[in-house]
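Asks: Sequence:
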Amino acid sequence: MSTSKTVAERFWERVDKHGPAHPSLGECWVWLGSKDRGGYGYFSIDDETKRAHRVAWFLFHGVWPTMGVLHKCDNPSCVRDSHLFEGTDAENSSDMVAKGRSAKGEKHPGVKLTEAQVLDIRTLYVPGILTRGRGAWTQRKLARKYGVDQRLIWAIIHRVLWRHL
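In this text, residue positions in the sequence shown follow the numbering used here: the first is 67, and each later residue adds one.
Since no wrong hints were added, every one of them can be taken at face value.
Dumping the calculated DSS-like pairs for lysine-lysine here, alpha-carbon to alpha-carbon at most 27 Å: (1) Lys101 x Lys83; (2) Lys178 x Lys101; (3) Lys83 x Lys165; (4) Lys165 x Lys101; (5) Lys101 x Lys116; (6) Lys138 x Lys116; (7) Lys83 x Lys116; (8) Lys178 x Lys211; (9) Lys178 x Lys165; (10) Lys116 x Lys71; (11) Lys138 x Lys101; (12) Lys83 x Lys138; (13) Lys178 x Lys207; (14) Lys138 x Lys165; (15) Lys101 x Lys71; (16) Lys83 x Lys71.
In short, the hints are calculated from the structure, not lab data.
Could you put the whole structure together from the sequences, leaning on the hints where they help?
Replies: In structure tokens:
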């Protein structure tokens, strides 16, 4: 007689079904197992690690989701089926913007510079080899001035970051 637990048993023993209440959806079912920095849970099946909310989708629907699994409740740790829906990356981004969860510029939690500093960097930067050593503001000098990595300065100058300015 085998005493090993099923995938479902192992999964649900890591869930608290009395999590924070969402006003219109009811209580979140919060993943208590391993999580990443963003709060998304992880669960292993057959030596493969999967996101917990995707596993929950599989356990409720009997098939793996064909698109992303998004959260109506905006709680990345939630695995309650009525709080989850399938959607594309574009739908996920639209949902994030509609709910005011898209932080840009100074509102972003990992920001190192102000908008004024970014605009100064773009104004001060002088490209080209001929200007080096003549008091011009190179990427390296700007990085030292603002206490950031030169790669960040490059990304600002080339509008990889702070595109909205």
